[in-house]
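Residues per chain, in single letters:
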Amino acid sequence: MPFSFLLLVLAALAVVSYRFGTARARAVAPGRQSQLHSRPMYHGLYAAIWCGVPALIVATAWVAFQPVLVKGLVMGGLPDSYSALPEARLNLIWNDIRNLALGDVVRAQPAPEIQAAADTFHRLYAIGNAALAVLCLALAIAGTSYALKRVSMSLRARNQVERVITVFLVLSSLVAILTTVGIVLSLLFESLRFFGKVPPLEFLFGLHWSPQTALRADQVGSSGSFGAIPLFTGTLLISLISMCVAVPVGLMSAIYMSEYAHRKFRAVAKPLLEILAGIPTVVYGFFAALTVAPFIRRLGEGVGLSVASESALAAGLVMGVMIIPFVSSISDDVINAVPQSMRDGAYALGATKSETIRNVIVPAALPGIVGGVLLAVSRAIGETMIVVMAAGLSANLTFNPLDAVTTVTVQIVTLLTGDQEFDSAKTLAAFALGLVLFCVTLGLNILALHVVRKYREQYE
Amino acid sequence: MEKANVREARETTSETPEGTTAVTDAKIQAVRTNVHYGDKHALKDVTLDIRAGEVTSFIGPSGCGKSTFLRCLNRMNDTIDSCRVSGTVRMDGEDIYDPKIDVVQLRARVGMVFQKPNPFPKSIYDNIAYGPRIHGLAANKDELDEIVVTSLEKAGLLAEVKDRMEAPGTGLSGGQQQRLCIARAIAVSPEVILMDEPCSALDPIATAKIEELIDELRENYTIVIVTHSMQQAARVSQRTAFFHLGELIEVGDTEQIFTNPRHKLTQGYITGRFG
Amino acid sequence: MSEMTAVSGTPGRRTRDLVAAGIGRRYRAERRFRIFGLVAIASALVFMALLFMSIIGKGYSAFVQTEIRLPVAYAVSVIDPDGTRNLDDMRRANYGKLYRDGIQSLFPDVTSRQDRRVLNGLVSSGASFQIRDAVFEDQSLIGKSGEIWVPASDDVDMLVKGKIDRNLPESARRVSDQEIAWIDALEKDGRLATRFNWRFFTNGDSREPELAGIWGAVVGSFLTMIVTLALSFPLGVATAVYLEEFAPKNRWTDIIEVNINNLAAIPSIVFGLLGLAVFLQFFGLPRSAPVVGGLVLTLMTLPTIIIAARVSLKSVPPSIREAALGLGASKMQMVTNDVLPLAMPGILTGTIIGMGRALGETAPLLMIGMVAFIVDIPGGFHDPATVLPVQIYIWADSAERAFVERTSAAIMVLLTFLIIMNAAAVFLRGKFERRW
Chain W
1 MPFSFLLLVL AALAVVSYRF GTARARAVAP GRQSQLHSRP MYHGLYAAIW CGVPALIVAT
61 AWVAFQPVLV KGLVMGGLPD SYSALPEARL NLIWNDIRNL ALGDVVRAQP APEIQAAADT
121 FHRLYAIGNA ALAVLCLALA IAGTSYALKR VSMSLRARNQ VERVITVFLV LSSLVAILTT
181 VGIVLSLLFE SLRFFGKVPP LEFLFGLHWS PQTALRADQV GSSGSFGAIP LFTGTLLISL
241 ISMCVAVPVG LMSAIYMSEY AHRKFRAVAK PLLEILAGIP TVVYGFFAAL TVAPFIRRLG
301 EGVGLSVASE SALAAGLVMG VMIIPFVSSI SDDVINAVPQ SMRDGAYALG ATKSETIRNV
361 IVPAALPGIV GGVLLAVSRA IGETMIVVMA AGLSANLTFN PLDAVTTVTV QIVTLLTGDQ
421 EFDSAKTLAA FALGLVLFCV TLGLNILALH VVRKYREQYE
Chain L
1 MEKANVREAR ETTSETPEGT TAVTDAKIQA VRTNVHYGDK HALKDVTLDI RAGEVTSFIG
61 PSGCGKSTFL RCLNRMNDTI DSCRVSGTVR MDGEDIYDPK IDVVQLRARV GMVFQKPNPF
121 PKSIYDNIAY GPRIHGLAAN KDELDEIVVT SLEKAGLLAE VKDRMEAPGT GLSGGQQQRL
181 CIARAIAVSP EVILMDEPCS ALDPIATAKI EELIDELREN YTIVIVTHSM QQAARVSQRT
241 AFFHLGELIE VGDTEQIFTN PRHKLTQGYI TGRFG
Chain H
1 MSEMTAVSGT PGRRTRDLVA AGIGRRYRAE RRFRIFGLVA IASALVFMAL LFMSIIGKGY
61 SAFVQTEIRL PVAYAVSVID PDGTRNLDDM RRANYGKLYR DGIQSLFPDV TSRQDRRVLN
121 GLVSSGASFQ IRDAVFEDQS LIGKSGEIWV PASDDVDMLV KGKIDRNLPE SARRVSDQEI
181 AWIDALEKDG RLATRFNWRF FTNGDSREPE LAGIWGAVVG SFLTMIVTLA LSFPLGVATA
241 VYLEEFAPKN RWTDIIEVNI NNLAAIPSIV FGLLGLAVFL QFFGLPRSAP VVGGLVLTLM
301 TLPTIIIAAR VSLKSVPPSI REAALGLGAS KMQMVTNDVL PLAMPGILTG TIIGMGRALG
361 ETAPLLMIGM VAFIVDIPGG FHDPATVLPV QIYIWADSAE RAFVERTSAA IMVLLTFLII
421 MNAAAVFLRG KFERRW
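Residue numbers (my numbering), protein chains in the order written: chain W, 1 to 460; chain L, 1 to 275; chain H, 1 to 436.
It is worth saying that the hints were derived from the structure and are not from the lab. Some clues are possibly wrong.
[What the hints assert, rightly or not] Calculated cross-link-like contacts (lysine-lysine; reagent style DSS-like; alpha-carbon spacing at most 25 Å):
# : chain 1 : residue 1 : chain 2 : residue 2
1 : W       : 454       : H       : 314
2 : W       : 353       : L       : 116
3 : L       : 116       : W       : 454
[Said to hold, decoys possible] One-sided and incomplete, this derived list gives chain W residues near chain L with beta-carbon spacing under 8 Å:
#  : residue
4  : 341
5  : 347
6  : 348
7  : 350
8  : 351
9  : 359
10 : 363
11 : 364
Heads up, the beta-carbon is just placed ideally off N, CA and C, and yes, glycines get one too.
Could you build all of it, start to finish, from the sequences and the hints given here?
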């Protein structure tokens, strides 16, 4: 790739300027290096920064905005008859042009104006990349020579370098903020467009979900309905099942590990349990769909129950197992935070171990455990692959764990995979679902972190 | 009065303790008890009688093994993994470290109050009722209520809390919390109450109340108290044992220990030359 | 109290009796509770064992593949009818005819068009590539005839591996009696063998299970991980250093901190939505590209690395900092020369764990189109690609019976990578862990 290559060249140039910088600094003060304000290394870094950073900033900005610019130019260059077309159609044409220009397979023979546009596209990119390369190299050389000129006994190279690093540190810490802002903005923006097509109340309280929209505008009978309640209940049902597995098993394992287990047993069993947390969710999904679900179905048939082949029970069970290590590690933390004096108090009264745990430790640790469970619930709600693979697509409004249900995350995946334009209500619905998911999990997290913090303060 | 077990610090190794088995009114007898924490020899050959119906206090500088010895008496040391206890500790003539002895039953007979008040994060009522509940001491709610009220009364806390029995025990003041813990221990009707520096976290007024309480409880219970306040030992106890570096240096009537110590280490400690 | 005394002597005596009376019941409850705990741990471990056993049991057979030894006549008329030895023309030649002729020559009595088609179906269509590659490797073959091992079709493979039950009635299995007869005949002639399935490791994806391999996905994963590592490590460490060493304690840094903690708990699929809306729609980056996957996974992994790095920085004792500052180092020098090197093992451990999580991540990559069917091995960061977990997802969704074993085998490969990474993390932690 030209861009990666450009980066490599810039990196190489920066190394060269570093060499020049250190050499220059040594040359400025031959034999009396202690009189330099900063050590030669910093002069080298100073030169390298002047070489690389301006060019890098320009290159990044260029790469970020070139596509937008090119798109404007290319689409503007199309014959006037195109500008009247609806946006969705234009997007398809844009895709065609891009595929054509990038040499991807295009089904039919393209129209001449499309071919011309593709050529323009190609040319613009070629010019752009060349210009970028020249500009970057020029900047790099100019920067280096400026820096080398400034190298002197009194140049405060170290301070300058440190200032640049500090700026980098501050900018890095902004990435996390920007991510959140990006998530909120993109979800909000697309959701608002969705709510322009489907009223929010219908979305939040509608009982019927079937997002099949018309392929053509004149098609009848499949306008799609976006009542998300069945998704919410499905998500809740599966989360509930998973909590029924994860909370007792996770909590009891944590209790056994921290209060009963022999040190050797703990040394073996604890890492083993943690392996469960490291298994990718797609593996759980595969296991749920291929092994657990058929097993549950056979079991159900054995006792005369009709079980859907993609039952909520199977997905929930497996998800529960996935969350066990999470619950148990949080419980372990909060149980260990209960002061020893509580245990001593109970033991001194003649309580047995289990009485101490059940009547004193667990109640004392309860806020922490509740916080941990809230975090676990938020995980279950946001978990995707297990349900995509093991729970169905049928949006049934049911609380029967043997039925198939669908969840918010499953629908997001289904709505956004496969080929479709970006602006249909169907794809936008995925962002609205994403917004709901984001708000719910965020709320749960904030609540849980608050509860846990309050709990820790209590015993500090 | 029986002869005190005066043991010279540097001559203990081969000496057979005298006068330990002959005593008839000893509630607890420890014979050549040793405690190790891992490699650390924390208690060395302690032989001591604790008499029924008296307050015995253990004094000595920090780390001298007095708390360790106290925790041997209801086997609280069992909860510490690295801790090993050897020797014999007899209560009413039964070796409490005998494998046949059940530690739950033992602790029901030997209650304990800790340095820092440690009420459970439950209501005042539930704190007191905890012991009777787990041991099944009350046949019904009325009996349980009665136990709670009597225990609080004996601990001198009833007047202060009778209107808020359902309030959390952790909401009380430090002194009240400690009396709550005493009441909690009393509620099981133990025979012996061990107190591990029960006033060290309290202000003087609360301390005075607790000391008063200890004096009243002496009628019904055998009490062992660890303290590093010599005045406290002098005020509340009838017998005092002085520990130093894991060894029992001297034991005797409180008055005798404080007025006429036989060992010069004891003398040095009570006159404040070290500690 | 007095009434108690009246019942059974002293209160202590009464306590002793009551406690003794209840002790058996209480110890039974104690044992039950203990057993619950053991059962909880055991059930989690049993589940894990079942999971591994099921996957290994299903997947190990994918590492071998049934192959058929076919007689092939490398006919000039088919490979190079013009006699020019033009490589481009030769590449386009109809090698399919060669293997079809080969299999038919083994069963000369099969004549009807229909039967012949079924017979051809025993051999994988990948045989034509195999023959082509043989020709390109040794052009002297042209005009001669010889024997060549080619992959059998997935149904044959499944039958030979015993995954299709011969005892089922014909209508209930995918392989007809006639085909079974042919397969048995081939086997009797020694023309059927299961050999190591190198295609599984070197091929890209394919619609034909016997030709599908994980190499494309492995390369895709590798490219994606490079982007993720290259971005998330410096950014994560820089953020941690800033927050831990330089940032003033104020509202703003509080917000950053809360924000990072919350990001760590946001469902991964939301990051996929972000990637779709921002990187694909707004910045117009290509769909299905490792660079976008890497960007999305970077944002997802950052909180993990930041949190681990902060913990690690925190554990460097203040005395080290004071010593450095006391010797006249600037704050930056203190951090880069003294604190960071000491914190580095912890930071690396956290990074490896974060990378492991990113390597196993599927959901956000589905959002940015890495779920496409891609045959070619990606050659760069902008080429369409998929990654190992997504490949697993794609195969798990495929109908063919033979994809089940391949999915399981791909899972085994993925888990192997993860185990190696985690072992590295554990090793690092063990080797460099310091107690101050």
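Status of the hints after comparison with the structure:
1. W:454 x H:314: holds (22 Å)
2. W:353 x L:116: holds (21 Å)
3. L:116 x W:454: holds (22 Å)
4. 341: holds (4 Å)
5. 347: holds (6 Å)
6. 348: Because about 4 Å separates residue 348 (chain W) from the closest Cβ in chain L, which is inside the 8 Å limit, the hint holds.
7. 350: holds (4 Å)
8. 351: With a minimum Cβ separation of about 5 Å from chain L (threshold 8 Å), the hint on residue 351 (chain W) holds.
9. 359: holds (7 Å)
10. 363: holds (6 Å)
11. 364: holds (5 Å)
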